[in-house]
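Peer 1: If you want the building blocks of each chain, they are given just below.
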Amino acid sequence: MKDIVSVDHLRVEFATDGRTVVGVEDVSFTIAPGETLCVVGESGSGKSVTSLSLMRLVEFGGGTITAGSLNFERADGSTLDVAAAPSHVMGAVRGHEIGMIFQEPMTALNPVFTIERQLTDGLMLHKGLTQAAASARALELLQSVRIPEPERRLKQYPYELSGGMRQRVVIAMAMACDPKLLIADEPTTALDVTIQAEILALINRLKRENGMAVLFITHDMAVVAQMADRVVVMYRGRIVETGTVTQIFENPQEDYTKALLAAVPKLGEMKGKPAPEKMRLIGDEAARAAAAPAKARAPKVLLQVKNLTTRFPVKGGILRRTVAQVHAVEDVSFSLNVGETLALVGESGCGKSSCGRSILRLIEPTSGEVWIGGRDIRALDRTDLRRARADMQMVFQDPFASLNPYRRLKDQVAEPIQNFGLATGVELDALVLQLFDRVRLPRDFMNRYPHELSGGQRQRVAIARALAVNPKLIVADEAVSALDVSVQAQVLNLMMELQEDLGLSYLFISHDMAVVERVAHQVGVMYLGRIVEIGPRSAVFDSPQHPYTQSLLSAVPIADPRKRRFAEDLAFKPITSPIFPLGHQPAPSTYTEVTPGHFVLSL
Amino acid sequence: MTYVLNRLLSVILTLFLITLVTFAVTNILPGDVAMMIMGTQSNPEALAGLRQSLGLNDPILVQYAHWVGGLLSGDWGNSLIFKKPILELLSQKIVASAVLVVMSMGIALALAIPLGVWAAVHRDKWQDTVSSSSALLGVSLPDFFWGIVMILVFARWLGWFPSSGFVDPSLDFWGTLQHAFLPALALGLGLMAHLTRMTRSTMTGILSQEFIRVARAKGLTERTVIWRYALANAIGPVITIAGLQIGYLFGSIIVMESLFGYTGMGWLTYQALLNRDLPLIQDTVFVIAGVVMLTNLAVDLLYVVIDPRIRLG
Amino acid sequence: MKRFKTTKGMIGIVLLTLIALIAIFGPMVIPPDAATAMDMRARRAPPSLTHLFGTDQLGRDLLFRVILGTRTSLEIAVSAVLMSVILGLPLGLISGYFGKWIDNVLMRFVDTLLAFPALLLALTISAVLGPNIQNTIIAIGVAFTPYLARIIRGEALRVAQMPYVEAARSSGTTDAMIMWRHVLPNILPAVIVQATISLAFAILAEAGLSFLGLGTQPPAASWGLMIQASRDQLDIAPWTAVVPGLAVALTVLGLNMFGDVLRDILDPRSK
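Protein chains in written order, with the working numbering: chain F, 1 to 603; chain L, 1 to 313; chain E, 1 to 271.
Bear in mind the hints are in silico, worked out from the structure with no lab data behind them. Glycine is no exception: its CB is placed at the ideal position from the N, C-alpha and C atoms. One thing to keep in mind: the hints can contain errors.
Footprint (simulated), chain L over chain E, 3 or more residues, beta carbon under 8 Å [what the hints assert, rightly or not]:
no.: 1; segment: 119 to 126
no.: 2; segment: 147 to 157
no.: 3; segment: 210 to 220
no.: 4; segment: 225 to 235
If you want the ones that stay clear, here's a sample from chain E, every Cβ over 12 Å from chain L, calculated [said to hold, decoys possible]:
no.: 5; residue: 26
no.: 6; residue: 78
no.: 7; residue: 99
no.: 8; residue: 138
no.: 9; residue: 172
no.: 10; residue: 253
Generate coordinates for the entire structure from the input sequences, incorporating the hints supplied.
Peer 2: This is the structure we're talking about:
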């Protein structure tokens, strides 16, 4: 059968500030009918530019296709070179013969139009349907993407729908005219893992039922393993390697592909291993040398959290009175040993971040106790709290926002030391120098400003700043989530190395189960503000007891094409709202101990 | 319902605060107000009489209570220069100003929205430069300068419009529009420049959003994408910004109405300020601030109608 | 610095430098009494070699008057904006950084002030205090404060929620130090941009006040006063309006262009 798409020596240029920047260069690939081709790469690889070129949408972002051809097999059997097609022909192809879905479901729908209007306008334009016929088809489409209560959704506005539902609407829009090719540009990156699983399964089913081809753009190797028939690996605007999914995963030819795969944690690969292990980094000698499992110490409790509860007021009315409360953290108790990592996992809104911030009193908890080294943090006054903060530091998610853009890096690392009067003058400079060495940053970075650094380098600065006052505890709130996978692996290894050398304890807050499996000693799973299951990593991952933990684990994509899990439609229980009326008194959290140290919420 | 009720309570509170600020501003001078009004050379008996009639011998809080009490009970006092009840003066003049404000806002919006959209669509191209430069030029000259130019060109040289005065709309509506046109045009041009820039930046922001890309990926024509998808989102913010300019307009009418001898609120305020007619100053300042506040409220409510997120939320 | 080298940026900088030089050195260069010396034989003289920009209704040289007016206008505008920044900065900073009830109270007050059109407030204050240069500065300064406070508050609120502020707090930095080291430097670009644009508005406001006779008083030279005087002689001596009008336009144009370019360069959100 003839290929539906054949891209040949594509080159796209962007003109900025009078300079020409090459977006992609010499990119060639084909897509067969009914095939899923995954284009994978880290940020800046040119994967999105490639997909936008195929729709000729790249020109709206200032790009120009300067060389190559993009041949698309049209429904009538003719071949169209997208690169040279006049714009009215492209208008007839877009949304009609090629459908596209995007990364951000929250902004992909026009906020001031109803779902119905947004579903029908394409149908009326391309298929010449009447309003009534288009509405009927819109309803069918919503049913086919399995949205609950489709009739009601038609009359609703985007803001009334959850992120997962919006992405289903976007998919329905893309599918409206039965396209032969669906382009999916990072369609699940902004979604929680259970929603991601649902959407991936939905795309698989629609592809199967309609026999369409899929061009799937992603940065996530695990998603590639789950979705792809064939894979194109891109790096800095060029193709590195092309092959079938099993070839790429089991017998990669290029060093870049090998390094990329090595840096990806695979869920389940830690089975039977007693302690966290560093990531395998190709060419990183330090990591290889320390690949031996971290030695187990005699457990000694550093942090003990008892019945921690944090509620945020929901204000309303002229007097800004509290009308309801968000139960962000609800009766949470756990303890963390010296030199160990406790991971708090859960989906967005589960309260894991609020829990971390409450422990540091960056937000004030409503009740409960937080003991660190024999002191109850909650009982401290402002002055004592400030002093106590030397023991507990935080590393944030966004490496671009967590450093002050207007201060030199050395001043930012020195700030905590100055705050506690730990050193001055030459001594201070020496300390800062040591810290830069410690996180493996070149010394000449000390006089630079944050914008001169990459994301991974900034995160190292943030870690250096956290280490500056010799803390016992570091709360890492999604500290590696914003980083590319290879950088993520390096930062994780650095954190594990620091833990070994300095005996640090981490409260590792993350949504990424595969990363957590790799780094944690203990794991707590959070759901609606509570810990539903907590225990040693192996116990929670190998024999999950709580239904939520089980569904969470079943939704994680595994970076192994032989372990596919999203063939059939999936529907997870939607998370209910954590907002309750004033005076609502939820039941206390009570747990059953299934094996020693492994507790499951009994509700 | 609670939303409306809350807004209503907020309005009352703000009106109260407006009376406080008005009273504070008009009473900041520690000196003798009667002396200020009549001059240092006036005879002591007349001064004493004026003090008595203005209630200036009372403690400041009593004066304030007296004034607010009057406002509430409909006794707004008498103007010293016009020798008339202020409420009567205000009810005449406010009509004239309303015509002027609505007209200039209409002129400004009718020009600014297409120009701003045009500039945003052709961002960083010559169309953008033309639109931005004319907008820059528009905000760079004081509007009274435009007023003078218009009097010269359209009234003196061409004789198309009257150069000054105001006609009661109940007598001659066409005449009202004719008299209001030149000052409205002068005001509208200054405002237009500002609104063009705002429309451009709002549209630029919207055009870079994901749902615009989605609309293009659906194969919709550029015309639909820009004039339906994008503009439907821009209208709300642009109207909000335009609403905030009502305050600016009510400041500018003071100059413009005085220049054109257009006897509205602005002209009245100016007469009061020039002649230090304290009761009239207090009442006009209060009314203008109150009207600005209420217009902003109306714009907020209008926004609720336009934007489904607030309407149903 | 690259983006300063746009046409717009260059025009703005050249205009502003020129105007600033005129304001500072102009009054020293021109003959001491030239601007006020009346020449009754040369009333409303059109531009010529003796009077480059012509003369006004009292035979005073318009070039010299407009140079003196530059000093007056800039002096008033700069002082008034400085005053509104000094008043608005702490107000907005405290409101935005601390939030909660402090913010509610302060912003309710600021919102009330915003209901008063700036020009009306300035005119009223000037009328009540008695019009002169010093009171014009106070009037415009006070009238502009709520606008500045609002914008600074919004910026401070945005910055106060940044992770680097949270990071500083979690490493024991005091509120005062956080405001000084982290919040202030990060809102400063927006404040500078706003101050530049406010300067343009202050020039216009001063012209408006003087035009209405409630700002700078004769015989002092002011652009607004000169335009006011030209009103009745437009047909016979249009240059008496064009000269001060052009002075206002060029200054405001320069400030706006400079402000636009500054905004592009300094505003982190525009990147």
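Peer 1: Each hint: holds or not?
Peer 2: Going through the hints against the structure:
1. 119 to 126: holds (count 6)
2. 147 to 157: violated (count 0)
3. 210 to 220: holds (count 4)
4. 225 to 235: holds (count 5)
5. 26: holds, 21 Å
6. 78: Check passes; 18 Å lies beyond 12 Å.
7. 99: Check passes; 19 Å lies beyond 12 Å.
8. 138: violated, 10 Å
9. 172: holds, 39 Å
10. 253: Non-interface label on residue 253 of chain E violated, nearest chain L Cβ at 4 Å vs cutoff 12 Å.
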